[in-house]
Amino acid sequence: MAFQEIKLYQVGTFVAGNRLLDPEQRSVQARMGRSNSLTSGHRACQGCGEALGARYVLDAAMRATDGKMIAANSTGCLEVFSTPYPESSWQVPWLHSLFGNGPAVASGMAAALKAQGREDIRVVAQAGDGGTVDIGFGTLSGMFERNDDVLFVCYDNQGYMNTGVQRSGATPPAARTANTKPVGGTTGNVFGQGKNLPQIAMAHEIPYVATATVAELRDLEHKVERAMEFRGARYLHVYVPCPLGWGAAPADTIRLARLVKETGIFPVFEAEHGVVTEVSRIRHQVPVEDYLRPQRRYAHLFGDPPRRDLIDRIQAGADRNIARFGLLDDPDTSDLPGARP
Amino acid sequence: MLEQIEGSQAVARTVGLCRPAVIAAYPISPQTHIVEKLSDLVRTRELEPCEYLMVESEFGALSACIGASAAGARTYTATSSQGLLFMAEALFNASGLGLPLVMTVANRAIGAPINIWNDHSDAMSMRDSGWVQLYAESNQEAVDLHVQAYRLAESLSLPVMVCMDGFVLTHAVEQVDLPGQDEVDRYLPAFVPQQMLDPDDPVTIGAMVGPEAFTEVKYLMHAKQMQALDEIPRLAAEFAEQFGRSSGGLLSAYRLDDADTVVVALGSMLGTLEDVVDSLRDEGVSVGVLGVKCFRPWPRDEIREALSHARRVVVVEKAFAVGAGGIVGQNLRLALQDLPVEVYDVVAGLGGRAVTRASLRRLLDVLLAGGLDPYELHFLDLDTALVQRELERSRHRVRPGPHAENMLRDLGVVGSGPL
Ligand SMILES: Cc1ncc(C[n+]2csc(CCOP(=O)(O)OP(=O)(O)O)c2C)c(N)n1
Ligand code: SF4
Numbered sequence: 001m002a003f004q005e006i007k008l009y010q011v012g013t014f015v016a017g018n019r020l021l022d023p024e025q026r027s028v029q030a031r032m033g034r035s036n037s038l039t040s041g042h043r044a045c046q047g048c049g050e051a052l053g054a055r056y057v058l059d060a061a062m063r064a065t066d067g068k069m070i071a072a073n074s075t076g077c078l079e080v081f082s083t084p085y086p087e088s089s090w091q092v093p094w095l096h097s098l099f100g101n102g103p104a105v106a107s108g109m110a111a112a113l114k115a116q117g118r119e120d121i122r123v124v125a126q127a128g129d130g131g132t133v134d135i136g137f138g139t140l141s142g143m144f145e146r147n148d149d150v151l152f153v154c155y156d157n158q159g160y161m162n163t164g165v166q167r168s169g170a171t172p173p174a175a176r177t178a179n180t181k182p183v184g185g186t187t188g189n190v191f192g193q194g195k196n197l198p199q200i201a202m203a204h205e206i207p208y209v210a211t212a213t214v215a216e217l218r219d220l221e222h223k224v225e226r227a228m229e230f231r232g233a234r235y236l237h238v239y240v241p242c243p244l245g246w247g248a249a250p251a252d253t254i255r256l257a258r259l260v261k262e263t264g265i266f267p268v269f270e271a272e273h274g275v276v277t278e279v280s281r282i283r284h285q286v287p288v289e290d291y292l293r294p295q296r297r298y299a300h301l302f303g304d305p306p307r308r309d310l311i312d313r314i315q316a317g318a319d320r321n322i323a324r325f326g327l328l329d330d331p332d333t334s335d336l337p338g339a340r341p
Numbered sequence: 001m002l003e004q005i006e007g008s009q010a011v012a013r014t015v016g017l018c019r020p021a022v023i024a025a026y027p028i029s030p031q032t033h034i035v036e037k038l039s040d041l042v043r044t045r046e047l048e049p050c051e052y053l054m055v056e057s058e059f060g061a062l063s064a065c066i067g068a069s070a071a072g073a074r075t076y077t078a079t080s081s082q083g084l085l086f087m088a089e090a091l092f093n094a095s096g097l098g099l100p101l102v103m104t105v106a107n108r109a110i111g112a113p114i115n116i117w118n119d120h121s122d123a124m125s126m127r128d129s130g131w132v133q134l135y136a137e138s139n140q141e142a143v144d145l146h147v148q149a150y151r152l153a154e155s156l157s158l159p160v161m162v163c164m165d166g167f168v169l170t171h172a173v174e175q176v177d178l179p180g181q182d183e184v185d186r187y188l189p190a191f192v193p194q195q196m197l198d199p200d201d202p203v204t205i206g207a208m209v210g211p212e213a214f215t216e217v218k219y220l221m222h223a224k225q226m227q228a229l230d231e232i233p234r235l236a237a238e239f240a241e242q243f244g245r246s247s248g249g250l251l252s253a254y255r256l257d258d259a260d261t262v263v264v265a266l267g268s269m270l271g272t273l274e275d276v277v278d279s280l281r282d283e284g285v286s287v288g289v290l291g292v293k294c295f296r297p298w299p300r301d302e303i304r305e306a307l308s309h310a311r312r313v314v315v316v317e318k319a320f321a322v323g324a325g326g327i328v329g330q331n332l333r334l335a336l337q338d339l340p341v342e343v344y345d346v347v348a349g350l351g352g353r354a355v356t357r358a359s360l361r362r363l364l365d366v367l368l369a370g371g372l373d374p375y376e377l378h379f380l381d382l383d384t385a386l387v388q389r390e391l392e393r394s395r396h397r398v399r400p401g402p403h404a405e406n407m408l409r410d411l412g413v414v415g416s417g418p419l
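Each protein sequence line maps, in turn, to chains A and B.
Under my numbering, the first residue of the first sequence carries the number 1, and numbering increases by one thereafter.
Under my numbering, the first residue of the second sequence carries the number 1, and numbering increases by one thereafter.
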């Protein structure tokens, strides 16, 4: 498909104006010719991290494949806000799959392309965290196990947003959702291990696994491009705040995505064949409270008296991540994410 | 070429001749031999180019076929029973997206209690899924129907299920005339998708549709099925001309012309019925058999036409709508409304119980003697005494235990006899 000339957007966190960069170094979004895979005018909420993430992911994938790409999409917010007929926002060949079968549909697409000798065309599948870690988990694990040539992208907004903000297997401990309300003496979602899909994906020893957030969009683009260099199953877990579901200000989407990494709650890393190869180090460590406070889904932790016990447990989880992934090691030499050579 | 061959092997080889580019399947008895053979054909490169996906479930199998078909490949899958039910959500998706998939259903009962033997409950439960349903009477027909199914699916861009009785056909070794590759190629041209994911012409397949057009979209699915009523006989005729034998079509008629009493059935039971009818004819009774080869779309007008001279019609079917009655029977009543015909519903052969000539003969004798109530649902060879005992038991005991086990014990099949 043709790349479109589009207006420039100023984006990102610490990323200074792409437009000042040499054209070749510009982000995909900052180039004049980008595919505009997900056009504006869709019906996502203001400040939707998922819409932002999807646009960056698909445009980067389109660029990496020179426009030779087809996409499958599991049911969820992304599908629903982008395709109310006849107003499809997709400029890429796009197929609706069910809620639970996105990975299998994508496997079929990849198999068809292989049989047709069209392996120049690549397959990307995308889903929310519910479609990924819960209902689609079986087909996803199957896709990993067969090492099918698919990039699967999970947009993790930590709940079933499309059906009204219920808990998913990726909902964090203590968070309030529509069915984990802090009522009757309970404290929101229960504490537990949760379902850590990036690590489960790594356990399949697939060629490439990465996590990213919408706060570091260059890094996100870089990971998509990196993923497209591999053949076989690849998994990208993108942290995407959901202002509506989290009770956060639309203007805070990027801030929350940055804080979740800087607290250590969400480790940002890359892994190849089951081994971690890169981690994004924390540059300015902040306590988890800074991240929790702006979100109404955690408001019950900050009542009178505040639930210090729960906040401490969340902090302990973050500290565990920091230790496990070495997120604070050698902070001085850390480079800007995505800008690594 | 004539060969003495197992039904599954014959079907697998024929599917191979149809040149699917992607096969995705999950094993379940009695479908397994079909997909095992196909995996061999792919491994030995007799079938090439073809990708065989070892998926993690039936839901994954059909989903992979959906993706592959949308990406422009001819696809194939096969399943049975619980597997078909596990696919249910994707079945409706495939037809709603208008994808020309072909699937073999090796018909098997649905649990619980678990039972691997043949009846039609699986396919019948999916009768409203928007898939065409063709039923094979013999292994020859099963083979021939697959070739026709691909033509049909691709000419109308809709999914087609070829149903063949599990074990009775899939595991039966008999003589089958297997088509040659040239012949199949002549009948079945290469797949040209009517809609496809193509980077040169990006389309959104499966956008969300609200109340303003959903009815129309669904109506179009119905309209396509109605078109299939014309297409199926046309394809069958073309097949007969090219291959020199007739298979498929909407209906089959056996000694129907002057028949007072007609037995209607699907699948492998038809041969047995024809034998029974022959012996009754020898005794001067005017009976005939109407075989339903295509259950979805429902050939209402053709059936009405075929049965317009009958006085009594008895449907013998291997499935039923629990709590309502016979499924084929209900459809038949719709087709025959206002005609002076009496329709009798008989459920037979559930969970693999043999439908014998003797039982069918007894049934017809009772019917002809006026001993069958047209408003009741009947069960061939139902052990009513056994059922009564169990009903009694559940009335009088607080915790009577699982029905199936109780009844088996009554029969002395397991355990230590009656409780
Ligand atoms: C089999 C099935 N069960 C339930 C649903 C209803 N449903 C649609 S989207 C959705 C939640 C989606 O959550 P997620 O995958 O996290 O995506 P999000 O909307 O949060 O982006 C649910 C439960 C469905 N479509 N299919
Ligand atoms: S509910 Fe959340 S994920 Fe869904 S569109 Fe709104 S912001 Fe995006």
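A hint or two may mislead.
[Said to hold, decoys possible] Just some of the chain A residues that point at chain B, by a computed CB distance under 7 angstroms:
#1 G67
#2 L95
#3 L98
#4 N101
#5 V105
#6 G138
#7 R307
#8 L310
It should be emphasised that the hints constitute simulated quantities derived from the structure, not laboratory data.
Virtual Cβ for every residue (Gly too), placed ideally from N, Cα, C.
Status of the hints after comparison with the structure:
Using the Cβ-Cβ criterion of 7 angstroms, the hint placing A/G67 at the interface with chain B is satisfied: the shortest such distance is roughly 6 angstroms. For A/L95, the suggested interface contact is upheld, since its CB lies about 5 angstroms from the closest CB of chain B, less than 7 angstroms. With its C-beta approaching chain B no nearer than about 6 angstroms, A/L98 sits inside the 7 angstroms limit, and its interface hint holds. For the restraint placing A/N101 at the interface with chain B, the shortest Cβ-Cβ distance is roughly 4 angstroms, inside the 7 angstroms limit, so the hint holds.
For A/V105, the interface hint holds, the least distance from its beta-carbon to any beta-carbon of chain B being 4 angstroms, beneath 7 angstroms. The restraint placing A/G138 at the interface with chain B holds, with a minimum CB-CB distance near 6 angstroms, inside the 7 angstroms limit. Of the supplied interface hints, the one on A/R307 is violated, with its beta-carbon coming no nearer than about 40 angstroms to a beta-carbon of chain B, more than 7 angstroms. Given the 7 angstroms rule on beta carbons, the hint for A/L310 is violated: about 37 angstroms separates it from the nearest Cβ of chain B.
Comparing the model with each earlier hint shows violations of hints 7, 8; every other hint is respected.
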